[in-house]
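Novice: One-letter residues, chain by chain:
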Amino acid sequence: MVAPVLFDIGYLVAAALFIFGIKKLSSPRTAPAGNRMGAQGMFLAVLVTMAKMYTEGIIGLELIIGGLALGSFIGWWMATRVEMTGMPELVALFNGFGGGASALVGLSEVLGRLQRENGIPDPGVELYATWVAIGLSGLVGWLTLTGSLMAMGKLMGGFSIPFTKKDERGRRKWVNFPTWGPSWLNFVKVGLLFGGVALIGLMIQEPTNTDYIYGLVGVSCLLGILFVLPIGGADMPVVVSLLNSLSGIAAAFTGFVIGNNVLIIAGSMVGAAGLVLTFVMCKAMNRTLTAVLFKSYGGGGRETVTRTKVGSDPEEVAMACDGIATCVIIPGYGMAVSQAQHAVKEFADLMEADGVEVKYGIHPVAGRMPGHMNVLLAEANVPYEQLIEMDDINSEMPDCDLVLIIGANDTVNPAARSGEGPLGGMPIIDADKARQVVIIKRSLSPGYAGVDNDLFFEDKTMMLFGDGKKMMNELNAAIKEL
Amino acid sequence: MSLTLAALVASITVFVLAIFLGFELISKVPPTLHTPLMSGANAISGITIVGALILSNSQFNDGNPGTAAWLAFAALVMATINVVGGFMVTNKMLEMIAGKRRKKRGD
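Here the protein sequences come in this chain order: S and C.
In terms of the numbering used here, the first sequence opens at residue 1 and continues consecutively.
In terms of the numbering used here, the second sequence opens at residue 1001 and continues consecutively.
Hint data in this document are derived by calculation from the structure and do not stem from the laboratory.
There's no promise every hint is true.
[As the list claims (entries may be wrong)] Computed cross-link-like contacts, BS3-like style, restricted to lysine-lysine with a CA-CA straight-line distance of at most 30 Å:
(1) S:Lys433 to S:Lys470
(2) S:Lys433 to S:Lys359
(3) S:Lys470 to S:Lys359
(4) S:Lys345 to S:Lys460
(5) C:Lys1092 to S:Lys345
(6) C:Lys1092 to S:Lys283
(7) S:Lys433 to S:Lys24
(8) S:Lys24 to C:Lys1092
(9) S:Lys480 to S:Lys460
(10) C:Lys1092 to S:Lys359
(11) S:Lys345 to S:Lys470
(12) C:Lys1092 to S:Lys470
(13) S:Lys480 to S:Lys359
(14) S:Lys433 to S:Lys480
(15) S:Lys359 to S:Lys283
(16) S:Lys470 to S:Lys460
(17) S:Lys433 to S:Lys283
(18) S:Lys23 to C:Lys1092
This one's a predicted model, so the numbers in the text were calculated from it and none came from an experiment.
Bound conformation, chain C alone:
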């Protein structure tokens, strides 16, 4: 698969627009949510798990896995820790805040 200039420009367009989107999305956040937001966003940056999956698959294809394959495997484990741990920790923090809010409303 060869990369064309048009495809590259399309990717850069997506990149730039997503950056603007990110700025607009979280411009207003109450301080209570700063830590959960940082943690949740961090879990989403674990999306690199997709890259690790694709490479783990393609690098093992010669049946005799070399350095590149094991690096991809290490990336897969690290990205999975980031994703699973990140979402769980965020959930843990949010449950505390939500639990307190429920008590406030008295239900």
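In isolation and in its complexed conformation, chain S is listed as follows:
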């Protein structure tokens, strides 16, 4: 017979492993070790829980092992087959599962208590604390689940309808993910939030009434959907980061439900970590969290493109690249979508062989996740010291001979400097200060913010219209032929 205190010590060690894991994850050298420590902590926590259940008498062992095996297989399968570009969507999906699991634990606990005799405590500390925890873990958990699924849809940009006829390229009918949010929707959202809190109050008043419980599930799910619906794709880094924070908070509330400290520690730590990242993102975009969450933008009233620009061809650009001394590459989400990072690296190698100094200008919110560009370029073996952050690269831009912008738009839009419009005040990379600008982009259409980009129409700008990877490869071929 193992003393119960040993189990608590096991949980304590697991919590310590999580703390060290997160700490080590914040430095490039120790990050892989940090991730392993987190995984070990989780393995230990599961092991301790199984051992504890074994000593107390395990009942549904086959189902528990089956559930663990099924979940492990699905998780392994998804993580193995994901492409680098699909990583943000997958993180959003996993995040939704975490929140959903917390919500389901709360729901299962309350329904289980209703079935049991003496399951509902008399009014007092236990009733209030347990029911508030159940209610909050449900509210936050369901909201995280539906919100994360919405965020995933927005990150994918849309979805193909199954069973429709395939076109000549083998793709099915594609539907863009909607972004919709009139200003009155904010009142609905706030109303739903208060409604959810009120339902928790009613649950405590009348614990046997399941209508309130299912009502809370519905309200929370709807709140998650409406919460993300009006937010444009450009703001998704902030939203995913915030939802990551919320899934941690949901786990912490679940810890209160089942009275387990390791859940409370790990959950609230993740909650704080996600919130720090959220504010880092907001700061980078020079926007407040309230503005992101409640001011719908990028939706209606998009400017239509009336001006035109004649596209250049790769040979022309290759000639412009000849004889330059410095080159700055500014990647954006378009590079991720077209998987052009290897072609970009090849371009940089060609330039360097010619004696050109190549650097990469990384905007903090380029792509759809913080550090998205860094990870992609790392995959293509771009040296770490060539990745320059926005503030440092901006001081070098006036001396730059040529900037190559691939799949970026809002992050180099000079309209942001005017301080007006949706992009107003967002810091940008000063690509327009370079002597020559080359932009690889599919069209002249505005970015997520819906603001026309004056940079496209400047005389020193050359546009290469087309898929990022295809155009990069053609450009590389043209340079080799020179």
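Model the placement of chain C on the given structure of chain S, informed by the hints.
Specialist: Relative to chain S, chain C alone:
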């Protein structure tokens, strides 16, 4: 097991201190690690797997599993996907960064 006020206050203390700890832990992170950190932290939030395990066990105890038991089972599967997938994806991202760093040092 009845919950006492003292136990509740102790839990809230842990909750509040862990939040402060989380803020201090990751206040400085290079942008390269933002996505892996988010993903790794997300995997850790899958700790709710412990709650799912405990409830899966206790809810099946009447031999005739009801809604509550199957909800706990669903929670277990979802939490396991979150944990296993989350750590694996984070590892995948970090390997790319680490691989590049090794090349830089030339070993």
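Novice: None of the hints should be skipped; say for each whether it holds.
Specialist: Hints versus structure:
1. S:Lys433 to S:Lys470: Holds, at about 27 Å.
2. S:Lys433 to S:Lys359: Measuring from Cα to Cα gives roughly 16 Å; hence the hint holds.
3. S:Lys470 to S:Lys359: holds (22 Å)
4. S:Lys345 to S:Lys460: Holds, at roughly 24 Å.
5. C:Lys1092 to S:Lys345: Within the cut-off at roughly 20 Å; holds.
6. C:Lys1092 to S:Lys283: holds (28 Å)
7. S:Lys433 to S:Lys24: violated (39 Å)
8. S:Lys24 to C:Lys1092: Answer holds: lysine 24 of chain S to lysine 1092 of chain C is near 16 Å, not above 30 Å.
9. S:Lys480 to S:Lys460: Within the cut-off at roughly 24 Å; holds.
10. C:Lys1092 to S:Lys359: holds (25 Å)
11. S:Lys345 to S:Lys470: holds (14 Å)
12. C:Lys1092 to S:Lys470: holds (26 Å)
13. S:Lys480 to S:Lys359: Roughly 20 Å between the alpha carbons, so the hint for lysine 480 of chain S and lysine 359 of chain S holds.
14. S:Lys433 to S:Lys480: Holds, at roughly 28 Å.
15. S:Lys359 to S:Lys283: holds (24 Å)
16. S:Lys470 to S:Lys460: Satisfied, since the Cα-Cα distance of roughly 23 Å is no more than 30 Å.
17. S:Lys433 to S:Lys283: Answer holds: lysine 433 of chain S to lysine 283 of chain S is near 24 Å, not above 30 Å.
18. S:Lys23 to C:Lys1092: holds (19 Å)
Checked against the numbered hints given earlier, this structure breaks only hint 7.
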